[in-house]
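> Sequence:
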Amino acid sequence: MSLFWRIFLLNAVVLLAATMLLLLGPVTVSTPVLFTEALILGGGLAAMLIANAALLRVGLAPLDRLTRAMTTTDLLRPGPRPAVAGNDGIAELIATFNSMLDRLEAERGRSAARALSAQEDERRRIAQELHDEVGQTLTAVLLDLKRVAGHAPPGVRDDLRQVQETTRGSLDEIRRIARRLRPGVLEELGLISALTALVTEIPDRSGLSVRRRFDTDLPDLGEEAELVLYRVAQEAITNTARHARARHLEIALERTSSGVELRIRDDGRGFDGTTEGAGILGMRERALLIGADFAVGPAPSGGTEVLLSVPARLRGAAA
Numbered sequence: 004m005s006l007f008w009r010i011f012l013l014n015a016v017v018l019l020a021a022t023m024l025l026l027l028g029p030v031t032v033s034t035p036v037l038f039t040e041a042l043i044l045g046g047g048l049a050a051m052l053i054a055n056a057a058l059l060r061v062g063l064a065p066l067d068r069l070t071r072a073m074t075t076t077d078l079l080r081p082g083p084r085p086a087v088a089g090n091d092g093i094a095e096l097i098a099t100f101n102s103m104l105d106r107l108e109a110e111r112g113r114s115a116a117r118a119l120s121a122q123e124d125e126r127r128r129i130a131q132e133l134h135d136e137v138g139q140t141l142t143a144v145l146l147d148l149k150r151v152a153g154h155a156p157p158g159v160r161d162d163l164r165q166v167q168e169t170t171r172g173s174l175d176e177i178r179r180i181a182r183r184l185r186p187g188v189l190e191e192l193g194l195i196s197a198l199t200a201l202v203t204e205i206p207d208r209s210g211l212s213v214r215r216r217f218d219t220d221l222p223d224l225g226e227e228a229e230l231v232l233y234r235v236a237q238e239a240i241t242n243t244a245r246h247a248r249a250r251h252l253e254i255a256l257e258r259t260s261s262g263v264e265l266r267i268r269d270d271g272r273g274f275d276g277t278t279e280g281a282g283i284l285g286m287r288e289r290a291l292l293i294g295a296d297f298a299v300g301p302a303p304s305g306g307t308e309v310l311l312s313v314p315a316r317l318r319g320a321a322a
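What the sequence shown shows, in the working numbering, is residues 4 to 322, in sequence order.
These are computed hints drawn from the structure, not numbers from a lab.
Heads up, the beta-carbon is just placed ideally off N, CA and C, and yes, glycines get one too.
Please note: incorrect hints may appear among the correct ones.
Claimed, not checked - Okay, the calculated beta carbon distance ranges per label pair:
id: 1; residue 1: 53; residue 2: 294; range: 45 to 53 Å
id: 2; residue 1: 168; residue 2: 300; range: 41 to 49 Å
id: 3; residue 1: 195; residue 2: 248; range: 50 to 58 Å
id: 4; residue 1: 159; residue 2: 121; range: 22 to 30 Å
id: 5; residue 1: 114; residue 2: 159; range: 38 to 46 Å
id: 6; residue 1: 147; residue 2: 248; range: 24 to 32 Å
id: 7; residue 1: 296; residue 2: 19; range: 53 to 61 Å
id: 8; residue 1: 118; residue 2: 139; range: 27 to 35 Å
id: 9; residue 1: 123; residue 2: 212; range: 27 to 35 Å
id: 10; residue 1: 215; residue 2: 105; range: 22 to 30 Å
id: 11; residue 1: 296; residue 2: 196; range: 22 to 30 Å
id: 12; residue 1: 105; residue 2: 245; range: 32 to 40 Å
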């Protein structure tokens with residue numbers, strides 16, 4: 004039965020019952036209306052309105068649940084679907100909404116995968132250009148400065164050596180940026196070594212004291228999941244070093260019954276959760292890409308905690 008006919012018949016039943024009471028019952032209306040008759044009619048009207056409201060509330064309850072689901076659904080935080088309930092029309096509407104959510108989440112996942120793949124390709128290209136072009140140019144400049152300094156007067160020689168040190172520092176910084184853009188150590192030595200190198204590259208000027216704990220017997224995750232773990236850790240550590248004003252940082256990678264869990268905590272100024280910047284949104288998208296659970300919020304002892312739970316790759320799955 005459609006929603007229109009359901010509501011129409013409910014109202015028809017109420018009105019028919021009121022009409023039969025007036026025609027067949029002892030209730031009469033005088034002219035002018037007596038006080039007792041007005042009370043009886045008013046009570047009957049109130050009873051009809053209450054019954055009608057109760058019937059409509061029951062009939063439209065699934066629509067209320069669907070409305071709440073529509074206003075609270077976030078494609079970056081997939082949750083349970085509304086239960087398919089109610090009459091045929093409402094049940095079909097809820098089922099259609101759930102199907103639409105499935106299609107939207109699938110399309111968002113494909114779009115995020117394409118965007119993140121393009122981002123990684125661009126990072127590799129930039130890293131390669133920094134290493135091959137800028138790095139080699141600065142290396143040539145260093146060699147020229149060394150050759151010129153060997154023939155320069157003593158006063159000029161000291162200035163040239165100072166320029167050499169500045170150039171060497173710039174070359175080291177470019178190499179560090181290239182390593183962050185393209186984590187070659189992740190491909191060559193694995194996730195643990197890559198996370199260790201990431202921690203050791205935290206600038207001394209940040210003042211962070213880092214404690215790390217990495218399990219070595221990790222399950223098979225796959226290259227894509229390992230890259231997501233690395234990028235999430237990289238973004239979280241960068242946010243802590245730049246914005247958290249923290250003194251201590253803890254990073255842990257532990258094996259769980261379903262996969263691995265990455266946990267990063269700091270004792271900085273904390274995260275209120277009201278707004279999420281592009282970095283956190285990017286971490287959420289990466290987590291969704293591999294079916295991982297991502298959460299960010301206040302740490303138990305203050306500061307901020309980033310938690311990423313990655314399921315292990317099924318045995319026999321493609322890399």
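> So, for every hint listed, does it hold in this structure?
How the hints compare with the structure:
{"no.": "1", "hint": "53 with 294: 45 to 53 Å", "result": "holds, 49 Å"}
{"no.": "2", "hint": "168 with 300: 41 to 49 Å", "result": "holds, 44 Å"}
{"no.": "3", "hint": "195 with 248: 50 to 58 Å", "result": "violated, 29 Å"}
{"no.": "4", "hint": "159 with 121: 22 to 30 Å", "result": "violated, 49 Å"}
{"no.": "5", "hint": "114 with 159: 38 to 46 Å", "result": "violated, 58 Å"}
{"no.": "6", "hint": "147 with 248: 24 to 32 Å", "result": "violated, 42 Å"}
{"no.": "7", "hint": "296 with 19: 53 to 61 Å", "result": "holds, 55 Å"}
{"no.": "8", "hint": "118 with 139: 27 to 35 Å", "result": "holds, 31 Å"}
{"no.": "9", "hint": "123 with 212: 27 to 35 Å", "result": "holds, 31 Å"}
{"no.": "10", "hint": "215 with 105: 22 to 30 Å", "result": "violated, 39 Å"}
{"no.": "11", "hint": "296 with 196: 22 to 30 Å", "result": "holds, 25 Å"}
{"no.": "12", "hint": "105 with 245: 32 to 40 Å", "result": "holds, 38 Å"}
Comparing the model with each numbered hint stated earlier shows that hints 3, 4, 5, 6, 10 do not hold.
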